[in-house]
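Undergrad: Below are the chains, spelled out letter by letter.
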Amino acid sequence: MTLWELNKGETANVSHLWEHLDDSVSTRLVEMGFETDQNITCLRRSVFAGPLVIQIGDCVYSLEQKIAEQIFISTQETIS
Amino acid sequence: MKKILLVGKPNCGKSLLFNQLTGLRQKVANYPGVTVEIKSGRMAEYEIIDFPGTYSLNTLSIDEKVAVEQLTSRVKDEETELVVCVLDATRLERSLVFALQAQQLAIKENKQIVFVLNFIDEVKRFGHNIDLDGLSRELGAPVYALSARSLDGIAEFKDALLTAEYKNFPVQAPRAPLETTKQFVDFSRSLAKTYAMNKDVVLRNQNRVDTFLLNSFLGGFAFLAIMFVLFQSIFTWATPLMDGVETIIASFAGFVTQFTGEGVVTDFLNDAIFGGVGSFLVFVPQIMVLTFVIGLLEDSGYLARAALICHKPLSYFGLSGRSFIPYLSGHACAIPAIMAARTIESPRKRLITMLTIPLMSCSARLPVYALLVSVFIPSDQYFLGFFNMQGLTFFGLYMFGIVTALIISALLSHSKSTEQEQSEMPFIIELPSYRLPHWKPLYHRVINSGQQFIKRAAPVIFMVAVGIWVLGYFPLNASLEESWLGSIGHFIEPVFAPLGLDWRYGIAILMSFLAREVFVGALGTLYGMEGADENIAGLAQNIMNDGLPLGTGIGLLLFYVVALQCVATVATLKAETGNAKLSWGLYAAYGILAYILAFLANTFI
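Chains A and B, in that order, are what the protein sequence lines are.
Heads up: the first sequence begins at 1 in UniProt numbering, then just goes up one per residue.
Heads up: the second sequence begins at 1 in UniProt numbering, then just goes up one per residue.
Hints are computed from structural coordinates only; laboratory data are not their basis.
Some hints could be false.
[As the list claims (entries may be wrong)] Interface residues of chain B toward chain A, partial, derived using beta-carbon atoms under 10 angstroms:
1. Ser-56
2. Gln-101
3. Gln-104
4. Asn-110
5. Val-185
6. Lys-199
Ideal Cβ positions, reconstructed from N, Cα and C, are used throughout, including at glycine.
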């Protein structure tokens with residue numbers, strides 16, 4: 001599943017980034033902490049499919065739908 | 001002079017540290033066409049150079065590329081003694097990624113680097129202690145802890161710089177192989193695990209505030225309230241300051257002209273210099289107030305939230321959440337607004353934002369709106385018995401500008417090629433901690449905004465003011481109608497005839513290409529009255545007696561909403577986009593669009 005599908009309050013692990021992302025964008029995402037196995041928590045969703053707010057590592061980011069759909073995650077349940 | 005480079009990630013408190021180290025004088029170098037702003041200041045025999053906050057040395061946008069290229073060449077520079085990398089001590093993990101990259105860059109050029117952990121007071125308040133020696137051993141470079149705000153450790157750090165004690169520490173690499181991005185990220189993470197404080201403790205406060213400020217309902221209210229205050233500040237708080245500047249210019253004009261006697265020199269000074277250039281200096285306080293309020297919002301951390309709230313609605317028009325602040329500032333003046341568009345991450349969206357900012361009803365349009373609205377709308381007419389019709393018309397004009405801007409943005413973003421989109425940075429913003437803004441960086445920002453405005457706009461305004469004055473003044477002793485400008489007005493009368501306007505409006509419009517508010521004064525002169533600026537009601541009466549059809553009047557209003565009649569804005573656009581053709585093309589395009597709208601209104605209403 002993608003980060004966009006994560007509900008408020010849920011936690012998951014980053015699995016991988018969409019492979020067709022531009023190199024510079026995916027490098028930046030990795031530097032921001034979107035790296036395999038990093039813990040990611042959805043802090044809030046906005047109305048009308050607005051950007052979501054997540055916590056990863058020691059940072060809080062807001063991401064729009066387009067990019068959140070290009071970040072793949074696995075939730076605890078799917079791991080076990 | 002020996003140089004010290006100051007680098008770090010955004011929101012690490014670098015600007016305040018720079019201000020604390022260098023005192024009140026600083027220079028700002030801007031790079032045309034891009035958003036890079038490099039500040040420099042003195043500390044004893046050192047020059048400290050402050051680079052823009054950077055997330056990574058792997059660049060995404062042109063602006064980052066220029067900043068990183070500048071940094072790379074400055075690190076190579078022989079005069080560079082030291083690189084100081086500032087980290088947010090409360091968020092070591094994310095700060096370390098860039099810090100390690102900066103260190104690699106320094107090591108490559110055999111330059112010394114030291115790390116500064118800022119906000120150490122906050123770390124202490126949370127009861128955490130960072131093992132500086134341990135971290136220093138891991139990183140292979142000296143680590144200092146300080147707080148630029150509470151001044152903890154500042155004196156010691158200054159001492160360390162001045163005595164060059166870091167030189168006892170040989171240039172060495174950190175205790176981990178660092179080549180791939182993954183290695184940088186993993187090493188940062190493992191260091192953070194050992195040395196950093198509990199991240200949930202840090203983020204708890206900010207998340208608590210966000211529960212309110214980002215709430216779909218309450219957050220919306222808070223947002224509107226904050227914007228209301230911002231608008232108030234532009235239009236209400238700035239007014240006494242603007243009046244003050246006006247008074248100073250007037251008394252200075254009076255003082256100077258008493259020595260020049262009567263004649264051409266006095267007329268020139270009064271009309272072209274104090275009247276023309278002076279009328280634009282009046283906007284300086286307003287721009288400084290606007291910069292102050294936006295600076296407060298940014299330094300407190302709210303601006304990132306505002307961008308988040310606006311992102312979705314604006315994205316329907318091909319804009320970004322970050323387009324919001326420039327649009328808002330545009331209601332005071334397009335010049336600082338165009339400069340504020342620098343914060344937009346995507347070059348394409350930044351360009352579209354800059355191109356549509358001139359449609360926001362800036363305060364120079366206010367006198368024009370006020371005049372024409374009072375001609376057509378009686379002041380005692382109410383809609384639904386409650387809303388004043390004049391007020392509603394004003395609101396309508398503002399909305400017309402905003403809606404036109406959004407439509408043009410949508411058109412522009414559809415017509416632009418999509419191939420650029422691939423490498424475009426999507427909308428991701430860090431939501432920084434809420435912090436109380438410190439006056440020092442704000443002070444510099446406000447002063448700088450005033451200086452930039454004058455530097456950018458003054459030369460153009462001066463030339464146009466002189467040009468229009470000459471055309472209007474000669475041949476000597478002729479009335480404005482018989483002057484060269486008057487002749488031009490009569491000559492181009494056919495151009496304005498389809499709009500239902502005679503030569504007097506033609507001249508007033510021509511003159512207002514300098515700055516829109518000139519329209520009122522010029523029209524006043526043509527209607528044979530002095531001081532029309534102060535007596536809009538009197539002029540409105542004159543125009544009413546003269547008979548101006550409703551359709552023509554609405555056309556004229558729409559013309560003023562859309563037309564880009566401000567050479568200073570064009571000059572700023574040229575500087576920010578680095579594209580003169582585009583800027584003047586926009587000037588022409590909005591002129592034509594304004595003309596068509598006025599024509600349609602005159603014909604069909």
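Undergrad: Now tell me if each hint is right for this structure.
TA: Okay, the hints, checked on the actual structure:
For Ser-56 of chain B, the interface hint holds, since its Cβ comes within 10 angstroms of a Cβ in chain A; the closest pair sits about 5 angstroms apart. Using the Cβ-Cβ criterion of 10 angstroms, the hint placing Gln-101 of chain B at the interface with chain A is satisfied: the shortest such distance is roughly 9 angstroms. Hint on Gln-104 of chain B is violated. Least Cβ distance to chain A is approximately 14 angstroms, over the 10 angstroms limit. For the restraint placing Asn-110 of chain B at the interface with chain A, the shortest Cβ-Cβ distance is roughly 25 angstroms, beyond the 10 angstroms limit, so the hint is violated.
At about 5 angstroms, the closest approach between the beta carbon of Val-185 of chain B and any beta carbon in chain A falls short of 10 angstroms, and the interface hint on this residue holds. With 10 angstroms as the threshold, the beta carbon of Lys-199 of chain B comes within range of chain A, its nearest partner Cβ sitting at about 4 angstroms, so the hint holds.
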